[in-house]
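**Q** Protein sequences, first through last, are from chains A and B. Its first residue numbered 376, the first sequence is counted upward by one per residue in the working numbering. Its first residue numbered 376, the second sequence is counted upward by one per residue in the working numbering.
Calculated from the structure, these hints are not laboratory results. Heads up, a few of these hints could be off.
Identical copies look the same in the list; a pair holds intra-copy or inter-copy alike.
DSBU-like cross-link-like pairs, simulated, lysine-lysine; straight-line CA separation at most 35 Å [stated by the list, open to error]: (1) 466 <-> 517; (2) 451 <-> 377; (3) 517 <-> 451; (4) 517 <-> 377; (5) 466 <-> 493; (6) 447 <-> 377.
Spelled out, the chains give:
Number of protein chains: 2
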Amino acid sequence: MKNVRLMDFRYIQDPDDAEFYGGLVPIEGARDIPFEIKRIYTISGMQPGARRGYHSHRDLEQVLIALGGSIKILVKTPFEEEVITLDSPAKGLYIGPMIWREMFDFSPNSTLMVLASKYYNEGDYLREYEPYEREAREYFSK
Amino acid sequence: MKNVRLMDFRYIQDPDDAEFYGGLVPIEGARDIPFEIKRIYTISGMQPGARRGYHSHRDLEQVLIALGGSIKILVKTPFEEEVITLDSPAKGLYIGPMIWREMFDFSPNSTLMVLASKYYNEGDYLREYEPYEREAREYFSK
């Protein structure tokens with residue numbers, strides 16, 4: 376799907392006792408992901424049935440990672456739609472410009488970590504679906 | 376303690392239903408924390424009794440955050456020592472240069488997220504306590 380892709384990160388384990396010490400996932404800005412990390416946010420404490428997101432960004436790029444459990448992400452444009460399950464700290468979902476997204480089915484105690492290419496900018500958000508759809512039709516028809 | 380301090384981040388909740396939608400913690404590089412975020416790593420899957428860390432950095436600055444549970448951090452120099460419990464996504468532990476650190480007592484399914492000021496550089500690590508202690512005595516006596 377355009378402007379969306381799954382990324383695999385390294386999961387580094389202790390060669391002597393992989394189970395005991397868990398795993399370390401390193402992510403370097405502009406190396407492991409395609410942008411410098413200007414902003415991070417985490418979402419935690421989501422209850423069963425809760426759903427968040429419901430917006431798109433005009434320019435912002437993000438990478439979403441599920442920590443401590445699994446989280447489902449709906450990514451959508453006027454032309455394509457997909458539901459992706461994030462269930463590993465070593466799996467990232469890259470979301471580029473003009474993608475509508477909704478996050479749901481957070482497993483108990485899971486945290487969504489989001490890495491973003493820019494500082495917060497309210498002007499970059501499209502929070503209503505109809506105006507989003509109009510802009511997105513034009514954007515993806517180019 | 377020198378080069379160590381606790382930080383409180385914003386925990387943004389939906390004013391209409393704070394419990395249901397959990398909370399969002401935003402962290403902007405060079406704004407909410409004192410450095411640009413060049414690298415992030417997560418540590419997950421730690422078993423009870425496992426302990427990691429056992430090193431210091433000469434220059435690197437980091438912010439540690441516990442996600443999905445609680446984690447204890449021992450921070451130590453030749454002159455001071457403290458154990459800090461991280462138990463909220465809105466609490467960060469800043470660790471500057473020349474601090475020995477050990478991480479332990481990870482609660483089930485917790486994840487340690489670490490934000491770092493530089494890319495990985497093996498030459499910046501001090502992995503043996505005695506050479507660390509010699510350098511740290513000089514560093515903190517200045």
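**Q** Look at each hint and say if it fits the structure.
**A** The hints, checked one at a time:
1. 466 <-> 517: within (30 Å within a copy, 44 Å between copies)
2. 451 <-> 377: within (10 Å within a copy, 49 Å between copies)
3. 517 <-> 451: The answer is within: 17 Å in one copy meets 35 Å, while 57 Å across copies does not.
4. 517 <-> 377: within (12 Å within a copy, 55 Å between copies)
5. 466 <-> 493: Intra 21 Å, inter 22 Å, cutoff 35 Å: intra and inter.
6. 447 <-> 377: Result: close within a single copy only, 19 Å intra versus 42 Å inter.
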